[in-house]
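Student: Go ahead and model the full structure; you've got the sequences and the hints to work with.
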Amino acid sequence: MSDDSNAPLNVRTFSQAISDALDEELARDDSVFIWGEDIGTYGGIYGATGGLFEKHGPERVIDTPISETFIVGGGLGAALTGLRPVVELQSGGYFGIAMDELYNKVARWRYMHGGKFTVPMVVRLPEGAKGAGQEHDVSPEALFLSAFGAEIVIPSTPADAKGLLKSAIRDDRPVLFFEHAVLYATSGPIPPGDHLVPIGVADIKRPGSDVTVIAWSRMVIEALKAAEELDSEGIDIEVVDPRGLRPLDKDTIFESVEKTGRVVIAHEAPKTGGAGGEVAAIIAEEMIECLEAPIVRVASKDVTLPQSRHLQQYVLPQAAQIVDAVRSIS
Amino acid sequence: MSDDSNAPLNVRTFSQAISDALDEELARDDSVFIWGEDIGTYGGIYGATGGLFEKHGPERVIDTPISETFIVGGGLGAALTGLRPVVELQSGGYFGIAMDELYNKVARWRYMHGGKFTVPMVVRLPEGAKGAGQEHDVSPEALFLSAFGAEIVIPSTPADAKGLLKSAIRDDRPVLFFEHAVLYATSGPIPPGDHLVPIGVADIKRPGSDVTVIAWSRMVIEALKAAEELDSEGIDIEVVDPRGLRPLDKDTIFESVEKTGRVVIAHEAPKTGGAGGEVAAIIAEEMIECLEAPIVRVASKDVTLPQSRHLQQYVLPQAAQIVDAVRSIS
Amino acid sequence: MVTNQQQVKFYEDMVRVMLWEQRAMRLMQEGKVLAGYHSGRGQEAIPVGAITPLRDSDCIMYAHRGFGYTIQKGMSMVDMFADLMANVGGSTGGLGAGIPHFADPKLGILGQGGTLGTCFPIAAGAGFSAKYRGTDEVTICFFGDGTSNRGTFHEALNVASIWKLPVIWICENNRYAVSVPSEKSTAGRIVDRAIGYGIPGRSVDGMDVVSVYEEVTEAIDRARSGEGPTLIEAECYRFRGHHEGDPQVYREDGEIDEWRRRDPIESHRQRLIDNEVAAAEQLDGLQAQMASEVELAAQEAENFPMPGPERVFQGV
Amino acid sequence: MVTNQQQVKFYEDMVRVMLWEQRAMRLMQEGKVLAGYHSGRGQEAIPVGAITPLRDSDCIMYAHRGFGYTIQKGMSMVDMFADLMANVGGSTGGLGAGIPHFADPKLGILGQGGTLGTCFPIAAGAGFSAKYRGTDEVTICFFGDGTSNRGTFHEALNVASIWKLPVIWICENNRYAVSVPSEKSTAGRIVDRAIGYGIPGRSVDGMDVVSVYEEVTEAIDRARSGEGPTLIEAECYRFRGHHEGDPQVYREDGEIDEWRRRDPIESHRQRLIDNEVAAAEQLDGLQAQMASEVELAAQEAENFPMPGPERVFQGV
Ligand SMILES: Cc1ncc(C[n+]2csc(CCOP(=O)(O)OP(=O)(O)O)c2C)c(N)n1
Ligand SMILES: Cc1ncc(C[n+]2csc(CCOP(=O)(O)OP(=O)(O)O)c2C)c(N)n1
Ligand SMILES: [Mg+2]
Ligand SMILES: [Mg+2]
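Residue numbers (my numbering), protein chains in the order written: chain A, 1 to 330; chain B, 331 to 660; chain C, 661 to 976; chain D, 977 to 1292.
These aren't lab readings, by the way, just hints derived from the structure by calculation. Be a bit skeptical, because a hint or two may be false.
[To be verified] Below, computed lysine-lysine pairings styled on DSS-like, alpha-carbon distance capped at 25 angstroms:
#, chain 1, residue 1, chain 2, residue 2
1, C, Lys791, D, Lys1160
2, A, Lys301, B, Lys580
3, D, Lys1140, A, Lys55
4, D, Lys1160, B, Lys385
5, C, Lys766, B, Lys385
6, D, Lys1107, D, Lys1140
7, B, Lys460, B, Lys580
8, D, Lys1107, D, Lys1082
9, C, Lys692, B, Lys385
10, D, Lys1082, B, Lys460
11, B, Lys631, A, Lys250
12, D, Lys1107, C, Lys844
13, D, Lys1160, C, Lys824
14, A, Lys55, D, Lys1107
15, D, Lys1140, C, Lys844
16, A, Lys250, A, Lys130
17, A, Lys55, C, Lys844
18, C, Lys692, A, Lys130
Tutor: Next comes the structure, spelled out in structure tokens:
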């Protein structure tokens, strides 16, 4: 944890951290509102908007129809006219429905129109494998690497979730905010007060000297598990959590690679087309002289995730694959 | 050209090559039909379906409404029930409108339903910068790297366009077929007869020994121009055209990299999030011991392409950037 | 007119659907199915009434609300149980579970989209295909009231109308999309959207299997004879939560009891008895027979092994 | 009732729009604009009539058919010429050309989407925003008949209706989407789609600026007073090709001549003269005045330099 605050910590789940952030920002700024499917009386299917409807009322916590192009495109219209929408896609798997709105409009509206507008909008996308099926259990962050106007933020802990979401809401750029559904139930300490985490700053989740493991979202948890196992073998890995992909904190990554000369990149999205490719390519382009081994990517197998949880075990990456990958280059 | 036929060659434009392929396949197989916006009496806004309406009739050459989710999703429905649709998005820039259909449905329907169906469908996507604006002038092929059921085919010459499109139409898998709009007017020789080019086989567009330049679509033309200039400096580049991204012909790429030890990857999509990242990462993972220099990517600058053609010159990659890149690692 | 035999068959079919679901839920409780489930209890009259008039060669795009659609279209109950358990006996060979993507091309079961509203363009495409191939096959597309607000609805209904495609659009309006009441999310009447496309729109009592059957039969006749699509809105209600585990905080007081009095299975049964079409004992007998059919299917399905890791790379 | 002064103003405004376009085309012919263009000739009555009743604080999402929308909403003609030439004088600071993405937040000009149908959800969102902020601002969303077949139409009109958002949906039905005739791509009547959403639908003669003005004014009043959206279908015709260079193979014989007789500018002029609202000389004078306004703007715009490479990285 990079937070330097020494005040007492409050233990909250990731999902509570999200709703705390929304609650505080709704209270702070009248121009903030939230909408999505079942986020009102129901409190969101992951509970991440629980209690907000009761507290902030139906004008600001709004249930929409099943209309994803409106959820995103309508949010853009509101952002262009003075508001700060925080919109939710009930599953990040619905990104494709609103892809034109996300990729071509929300991300690009400012630039396309000469920089005349700001687009202070957050799109929350629950992602990752959680047993909800092929179309839902996706981690599509890599598909937005070329949607340049938009920031890509991906927290892995409750503290980061809260602090990054609050920063995202205050940011004048559009932010795609990915929340791994399996993390919602995890808990952790959150610094008190107006906890903000800057966007685009990586966090060394575990310092180490032998191998750099760049991991985000759920894979940070797996990397930390792997670190323990590897530690017992005398391999000391450094776990770098970029906490998002744009802005990408290359400085922190490069510093770590310079130190270790060995890199593993771990994400839950399948290897091919995952953002690990981009990160690996950056290193291969700018840091190759530091490398003492191949850059290894740990990721889901290159298939659509099967619906069956039984088969998912053969596809999804876990700590064990990180351990293997690290060993293979140590 | 890797075609081994010795018969006389027919010079055709890229756009004629496309319509020849469609014409021949429509004639060959009753279950083939085409639909899209303005592909009928108008012959397609790039002329790539010219004459087909008159020849094959309104039942098989069909103008659709401006309804991209139907164009793609309806094609899928037809493919699942015995037909071989070849559907056109009037611009590849509309991929986002039908992203759910393309990425989640067309590519995945077979696997999601246990392999019970075949999806013999081709989606034609004109891509690339042609002065039609930010939302149109895109090269989104990288976004489908993780859409595993679908093949990704990208021709750079009229002969490849014809031969690959005919193969794609006969293929039982869905194929995303990207046609660079600037290439439509280029011309080249096409082998006579039932000219088929296998999908997933790279073509060495120019053999060379010093540096491997992996390029596709319009960048193949630029790479060949660069080759001439570099040749005069005594640098002999090998231009490898993968002719698509899935299946990716790693063998041909690896063989070339083994020989040269130096790699430049060139595509028109912006560098970040472009498929060059994936290709670079594969090499960094599997071939790093052969590399004698950083892997350099030549691509568009990391911005949304400006509408202005004047500004586009500062963004789009040309032969000169390939020359620079090659020099930088020679 | 519906024959007495068909009337009894409706009862049998609805009971089968209900019992299959009950048995599937037991498998879930036993931990043999690791997946969410959207119960169709209360809405059995719609798949049963609508699919009865279809032929094998006709197609359906089904919805996530229970499994009446696939059962009624003739899929093996064994396959379906096995799909839920994700073992190799399933139609997906061990791939499926959750919101399973059952399919059977031979029975015209084209599958389901997990992103709601997927069904509309695909159904229109299947309708196009039937016409292109010169057949008189029809396609039914099932969807919920909430799903009708997806843009794909508009694109597909427009095309189907202008091209007179043989598609029957059946909206199961059960008044909620998860927690959101239809009147808070859906402007006007869904059935009235037919007017904008210049096609027939019909409202039907979705709790009455006979009404559903009759209305859909008419729509099928129109479709087969080249007169194009019909939009049918079936008013209904789901008796259980959106998914198993739904706290159902959103229902209005007493609402559910009122609808339970219109239980499609119970009320049809009563009508059969009242009209002396069948005696209570006969219907009880049928019910027992269905129970054992379903039980046998479940047991057979449980015998299949789970797939190995190689399954993951098959059928890509 | 429309005052005489306003009647004359309509003429002036339509002429300005027409002349701006003519001048823009000269710039294209001179090679100073490197971009496609979709002429609005023949459809001037719609942007002029519809935007006249708007306030500065009201918003528009405009379409690609000519530039009447932005001119009438008050954008500087210099900026717009400069945008087309992609020099630094443009509203986009040298970024725009082609299907330019002009915008001016202060004038409520929210921009345009190059993927048609973008406009619908954004306009609904702007309408929501006006209501949320407690204002009585309204938003007009302009779109073509072809564009009405995008799914976003459905999603946005439904939400606007259910939430009673102050949005006026104006369809310019010019009978074609590029080459495809509306009756081959669009089922039923577009205006009838209002019925499905339970909102007022109005059909209006889009060649008559006064009718457009009156109908839109009523819709704006409804919107401002919280009664929600209106769908207006304006029947019209484009006199030139879809884009400059369009071979126009798809028109029916004589069709264009018939519509040209209803030229919105000519027929309004004739009406002014016939009703003795204005004399021909006065109108000719206005026309000359507009021509020199436009000419001055074009010349001013031509003086700006082209941006340097750094422009590419600004305003991301
Ligand atoms: C595009 C999309 N948005 C949201 C969801 C999540 N979701 C699953 S079922 C459901 C409610 C559907 O309501 P309705 O169409 O009325 O069908 P019902 O569940 O009432 O049968 C929602 C929102 C989804 N699967 N797909
Ligand atoms: C989503 C999308 N599909 C297709 C196009 C290409 N296109 C540009 S204008 C046009 C025709 C639009 O027709 P209509 O809406 O009737 O407007 P009009 O041009 O007649 O004014 C088409 C197909 C596009 N820009 N966006
Ligand atoms: Mg419902
Ligand atoms: Mg039109």
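Student: Of the hints stated earlier, which fail here?
Tutor: When the structure is compared with the hints, numbers 5, 7, 9, 10 and 16 turn out to be violated.
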